[in-house]
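Those protein sequences? They're chains A and B, same order as listed.
The first sequence lines up with residues 1 to 284 when you count with the UniProt record's numbering.
The second sequence lines up with residues 1 to 789 when you count with the UniProt record's numbering.
Since the hints were derived computationally from the structure, they do not count as laboratory data.
Hints may be right or wrong, so weigh each one.
[As the list claims (entries may be wrong)] Stretch by stretch, here's where chain A covers chain B in the computed footprint (C-beta under 8 angstroms, at least three residues):
hint : region
1    : 121-130
2    : 433-444
3    : 650-660
[Said to hold, decoys possible] Label-pair ranges, simulated between beta-carbon atoms:
hint : chain 1 : residue 1 : chain 2 : residue 2 : range
4    : B       : 438       : A       : 244       : 49 to 57 angstroms
5    : B       : 702       : A       : 10        : 40 to 48 angstroms
6    : B       : 8         : A       : 259       : 49 to 57 angstroms
7    : B       : 395       : A       : 158       : 57 to 65 angstroms
8    : B       : 674       : A       : 207       : 43 to 51 angstroms
9    : A       : 19        : B       : 198       : 49 to 57 angstroms
Please read all numbers here as calculations on a predicted model, not as lab measurements.
The C-beta atom is built at its ideal place from N, Cα and C for all residues, glycine as well.
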Amino acid sequence: MIPAAFDYTAPSTVEEAVGALAEAGEDAKVLGGGQSLLPVLRMRLAAPTTLIDLGKVAELRGVREDGGALVIGAMTTHYDVQRDPLVQQHAALLARATDTVADPQVRHRGTFGGSIAHADPAGDLLAPALAMDTEMVIAGQGGRRTVAAADFFVDYFTTALEPDELLVEVRVPKHTGWHAHYEKFNRVAQAWSIVAVAATVRVEGTSIAEARVGLTNMAATPVRAHAVENALVGAPATPEAIRAAAAHAAEGTSPTSDGNADADYRQHLARTLTGRAVTAAVSG
Amino acid sequence: MMTATIEPEVGKARRRKEDARLITGRTRWTDNIVLPGMLHMAILRSPVAHARITSIDTSQARGMSGVEAVVTGADIAEAQGSLPCAWPITDDMKSPPAPSLAVHTVKFAGEAVAAVVARSKAEAQDALEAIEVDYAELPVVLDMAEAVADGARLTHEDLGTNASATWKFDSAEAGTGGDVEQAIADGEVVVHRTFRQQRLIPAFMEPRSVVVDPTGEQLTMWSATQIPHILRLMLAMTLGVAEHKIRVIAPDVGGGFGGKLQVTPEEVIAFLVARKLGKPVKYTETRSESLQAAHHGRDQIQKLTMAARRDGTITGLKVELLADMGAYLRLVTPGVPILGAFMFNAIYKIPAYHFACTNVFTNKTPTDAYRGAGRPEATFAIERMMDELAVELGMEPLEVREKNWIKHEEFPYTTVSTLTYDSGNYEAATAKAKDLFGYDALRAEQAERRAKNDPVQLGIGISTFTEMCGLAPSRVLGSLSYGAGGWEHAAVRMLPTGKVEVVTGSSPHGQGHETAWSQIVADQLGVPFEDVEILHGDTQSSHKGMDTYGSRSLTVGAMAVLKAGHKVIDKARTIAAHMMECAPDDVEFEAGKFTVRGTDSSVGIQDVALAVFAAHDLPDGVEPSLDSEATFDPENFSFPHGTHLCATEVDTETGQVRIRSYVCVDDIGAVINPLIVEGQVHGGLAQGIAQALFEEAVHDESGTLTTGTLVDYLVPSAADLPSFTTGLTETRATSNELGVKGVGEAGTIASTPAVVNAVVDAVRHLGVADIEMPCTPMRVWQAIHGGAR
Chain A
1 MIPAAFDYTA
11 PSTVEEAVGA
21 LAEAGEDAKV
31 LGGGQSLLPV
41 LRMRLAAPTT
51 LIDLGKVAEL
61 RGVREDGGAL
71 VIGAMTTHYD
81 VQRDPLVQQH
91 AALLARATDT
101 VADPQVRHRG
111 TFGGSIAHAD
121 PAGDLLAPAL
131 AMDTEMVIAG
141 QGGRRTVAAA
151 DFFVDYFTTA
161 LEPDELLVEV
171 RVPKHTGWHA
181 HYEKFNRVAQ
191 AWSIVAVAAT
201 VRVEGTSIAE
211 ARVGLTNMAA
221 TPVRAHAVEN
231 ALVGAPATPE
241 AIRAAAAHAA
251 EGTSPTSDGN
261 ADADYRQHLA
271 RTLTGRAVTA
281 AVSG
Chain B
1 MMTATIEPEV
11 GKARRRKEDA
21 RLITGRTRWT
31 DNIVLPGMLH
41 MAILRSPVAH
51 ARITSIDTSQ
61 ARGMSGVEAV
71 VTGADIAEAQ
81 GSLPCAWPIT
91 DDMKSPPAPS
101 LAVHTVKFAG
111 EAVAAVVARS
121 KAEAQDALEA
131 IEVDYAELPV
141 VLDMAEAVAD
151 GARLTHEDLG
161 TNASATWKFD
171 SAEAGTGGDV
181 EQAIADGEVV
191 VHRTFRQQRL
201 IPAFMEPRSV
211 VVDPTGEQLT
221 MWSATQIPHI
231 LRLMLAMTLG
241 VAEHKIRVIA
251 PDVGGGFGGK
261 LQVTPEEVIA
271 FLVARKLGKP
281 VKYTETRSES
291 LQAAHHGRDQ
301 IQKLTMAARR
311 DGTITGLKVE
321 LLADMGAYLR
331 LVTPGVPILG
341 AFMFNAIYKI
351 PAYHFACTNV
361 FTNKTPTDAY
371 RGAGRPEATF
381 AIERMMDELA
391 VELGMEPLEV
401 REKNWIKHEE
411 FPYTTVSTLT
421 YDSGNYEAAT
431 AKAKDLFGYD
441 ALRAEQAERR
451 AKNDPVQLGI
461 GISTFTEMCG
471 LAPSRVLGSL
481 SYGAGGWEHA
491 AVRMLPTGKV
501 EVVTGSSPHG
511 QGHETAWSQI
521 VADQLGVPFE
531 DVEILHGDTQ
541 SSHKGMDTYG
551 SRSLTVGAMA
561 VLKAGHKVID
571 KARTIAAHMM
581 ECAPDDVEFE
591 AGKFTVRGTD
601 SSVGIQDVAL
611 AVFAAHDLPD
621 GVEPSLDSEA
631 TFDPENFSFP
641 HGTHLCATEV
651 DTETGQVRIR
661 SYVCVDDIGA
671 VINPLIVEGQ
681 VHGGLAQGIA
691 QALFEEAVHD
701 ESGTLTTGTL
711 VDYLVPSAAD
721 LPSFTTGLTE
731 TRATSNELGV
741 KGVGEAGTIA
751 STPAVVNAVV
761 DAVRHLGVAD
771 IEMPCTPMRV
781 WQAIHGGAR
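Using the sequences and the hints given, assemble the complete structure.
Right, here's the structure in full:
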C-alpha cells in the first residue's frame, strides 16, 4: 500500500529536529527506524502532514557511560544495543529483552528510542526500561527535561512527550553484576509478546538482595511487579521461594482480552512466567 | 564405437533450474510487467459484512489528479455477468448471482464496491478515499449451525434459505456396503465426535496481480493464476467475449495452494475497465486485501459417528457435514467438501458408510480450494476418530489402524465410497516410520512423564493417511457434475538443432515443472537435460490445458508429455529407418540413438531432427516435422499414502505446545526428483502443522475479519517448526507409465491430525478428549484446567 502524501524533512541535529517539529505542528510524526510507523502509514491508519526523519541525527546514536548510568541515544538500533559491551556489562536485562525483539531485519532498522516513544504495551523494551528505573531525556523548544520511566508511560501508545518534544536519550542506571532474564511468551517466533516478564536480580550468597520485575502487555502501560520484588528481597534463591513471590505477579495488572489470550489466562501467565524469569535470572 | 553410459535423469536430486530467477525475483512476476501507457487500478472494498448500498458518490474522486476512470457496480452491472461456478453438485443447488463489483448489496466485508483507475498507483489510492458510499446495514449470518436452523437470518433473501445444497452418499443405496444406521444400532462400541475445521487463508507469497492489455487483435491478460486455460474459457463464457480474442498468460507465479485456482472479481473488473478505456491496466492487491478478499479455505463442522466391535473392527461410519461457502459460490466452492466424501473411509475397510454434506451461505469471504481441498478435512476427521476409538477400546492406536486397514495383498481394492485403490503398502510405511521415530522409546518416556506428573507432558500422534491425486478421470468428474474434464495436454517439438521444446498444459506456480519435465523428457528422448526447455502458462503457445491443482501435474500432465514424446520417437524411427535404409521394425531406440538391430549402424535422434528440417530425403508421405501433441485422460486417480508420527511436548503450566520430533514416511510411488519431493513434503508439513497449531481466520460479531494482517494471521516460519525426518517407501502406481502418484498435498493432508492427536495424547490422562484447532496455548491450558469455552 501507499501512504498518503506528506512533507519530509531530515534534520541533522537535535536542535534542527526540535525546530522542525515545532514548525510542523500537531500533525507531524517523528520517524525513527520506521518499524511501527511505516505500516501505519501504508495502511493509511495515519496521515501525518510532515515526517521528521531522525536518521541523519548522528548525536542520537550510540551508547556511552555517564557516571552511574549508561546513556543510550534514542536512534540506537536494537542490533547495536544488543551487541554493545556496555549494555552487556551494565544492563544485561535490556540486552536479553532486545534479543527477543522481532527478527534480525527489524532489529537492524528499529530503534530503542522509537520503541520507547511508540509505547506499545506489547513492546519488549518498555518493561525492562521500567524495571531498571530508567529516565527519559526529552528535548523541546524550551530545552531539555528528564522524566522517570514510571511517569513516562501514560496509556496505550501514549507517553509524557508533548507533541513538540523529542525523546533524545534514555539514561539507564548501571546494574553491574546483576543477573537478568527476559521471559517472552508468544505463539510464533516473530510475534509480539502475549505476556513477557523482565526480571533482574542481585544475588548475595544464596539469597536475593535486590530484584526488579517488569511485565509486558499486562495493562495499557508496562507494569512494575512491586509485590513480587518485595517478596523476593531477602528471600533464598530457591525455586520454592521464587514461586511464592511470583504468585503476586498479577496484582495490580489489568490485561486486555484478545484472540490469543483472555485476561484471566494472561494473569495466570504473568505468575507462571515471573517464576520462570526470576529462576532463570538467578541461575544465569 | 564406444557406448557412453548415460546416467538416468529421473531419480536425480537436481537443483531446480527455475529457482535462480524465482528466488531473486528477476523474472516476469505479473507485477513486474510494465506496458507503455499503463494505468493503475485500486479497489474500494466494503467495510461491512452485509448491507444495502444506498448511494455511491464518486464525483470528487473523478476530479482528482491523475484519475482516468471511477467504476461502480452499476456502471458494469450488465457487462460483468456473474462470476462462474463450475461445479453444480446437485440439480437443485442454489447459487446466487455473484457480481465482480457489488451493485445493490454487499454480502461480505472486503467485497469490491468501486474501482479507480489512475495514472499512478498512489493517485488511484488517493482517489479511493474520496469515494463516499452509504451502507444500510443488514443483520449478518456468521454461524453455520444457526444459519441452517429454522427462522435463521438470511445471507441472500431471494433464496429463502442459507442452504445451497445437500449432497449425499450412502453405501446401502450405492450397493457398495451395508446400512450405516443398522451398523450403529448393532455397534458394540459407538463413538460420537464433532470437529471443527477452522477457516484458513491460503496466504500465498505473491499477492494476486493482473495486467490487461486491450490493444491489439487479442486482448492479453497476464495474471498470477494457477489456471490460465480455464481462466480464458471462463472469461469468454462469463463476459460473452469470443474465446479466440482472449490470450491469457500466467507468467512466473509465486505460490497458490489453490488460492489462485479462481476466476477473480479483480480479473473481471480489470478486463472490463481496460477494454472500456482502450489502455493497459494493472491491479496488484495488497497483503491486507489478499487476506480479506481472496478466497478462504476449509471451514466445516464435522459430526462423526463410528461403530465398531469390541475387537476393534470398524462396522460403520456416518459423516454429517456443514460446509461454509461464504457469501457466494466461486469456481469450485461447492465441490470442495464433496471431494472429501471419498476420503473419510481412508485406508480402512469400512463395511457401511453414509456421507451427507450441507453447503451453507454466510456473510463471509467465499471459500474454495485450499491445499488438499476436502481431503485434509476428511483425513483429519478419520484419523482423529481412529485415536478416539482406540481410547474407547483401550487399544494401542496403531493396532486399531492395522486391524482395519487394507492389507498389501488385498490391492487393488474397491472402497465403500467406490474408488479403486490400485496399490499401497501401509505395513511397510508404518514399520519404517516407527523405526525412524523410535516409537517404543517415546511411549516409554511418555509413561514415565505421566507417572512423575512432569509439568511437560509428552504426546504421540499418528496419521496413517491416503489421498486421491491426479485429478481426474473425465468420466468421474462428469458423474460428479463437474463442468469440465480432467485430461491434460502437451506438445513435444524437436528443433532443427536437436534441442527440444516441451509445451505443457499444466501451469506451474512453484512446483518445479521445468526441472522435473526436463528430467523425464531427457530420459525419454535420450537428450541432455540442458537441451530441454519447458514452455507453459501462455494460451498462445500452450493452447490447451487444464492447469495445476489436486496434485495432478505429474500424474496427468507429465503423462501427456510422455505420450507426445512417444509419438515423436515413433515418427523419428520411421525417418531413421529410411536414413539407414532398413525397415522401421528393425530399428531399436535407446539412449537417444536409433540402431539397426544386430548391427552397429545408428543415427541419433538429434541428427534425425536436422534431417527432418532439411527435408531433402524423407520417406514418401512423411511430413517434415518432428512435433507431436497428445492429450492424456487418466483412467484412475492415484493414491499416495504414508505414515506420519509426531511427538509433542505440552507445557501443562502454560499450554504451550512444542513439536519435539516429526517423522513422515510417504509412499508417492516412483520419484522423479528427490529434492523436489523433499521440498513439497516440507512445505506441505508446514501448512498442515499451521492448521493444527497456528492459523485461523477469525471474524468478530459484525463479520469483520480480525486476522486481517500477518501480525494476527499466524503463518509459521522455519523458527516455529521442528527439523523434519522424512522417508519414503515406493509402491508404484499401476495406473500410469511412470508409476508416480503425486506429492503436492500429502504433507498438508497428513500432518494436521498427527499433530492434534499428539497434543490430545499428551494431556488425555488429565481428562482432555479434544482440543479445537488451532491448538493455541490458551485453548490447551483451558482444556487441561477445565476452563475451556
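Structure-based check of each hint:
no.: 1; hint: 121-130; in the structure: holds (count 5)
no.: 2; hint: 433-444; in the structure: violated (count 0)
no.: 3; hint: 650-660; in the structure: holds (count 3)
no.: 4; hint: B:438 x A:244: 49 to 57 angstroms; in the structure: violated (39 angstroms)
no.: 5; hint: B:702 x A:10: 40 to 48 angstroms; in the structure: holds (42 angstroms)
no.: 6; hint: B:8 x A:259: 49 to 57 angstroms; in the structure: holds (52 angstroms)
no.: 7; hint: B:395 x A:158: 57 to 65 angstroms; in the structure: holds (59 angstroms)
no.: 8; hint: B:674 x A:207: 43 to 51 angstroms; in the structure: violated (59 angstroms)
no.: 9; hint: A:19 x B:198: 49 to 57 angstroms; in the structure: holds (53 angstroms)
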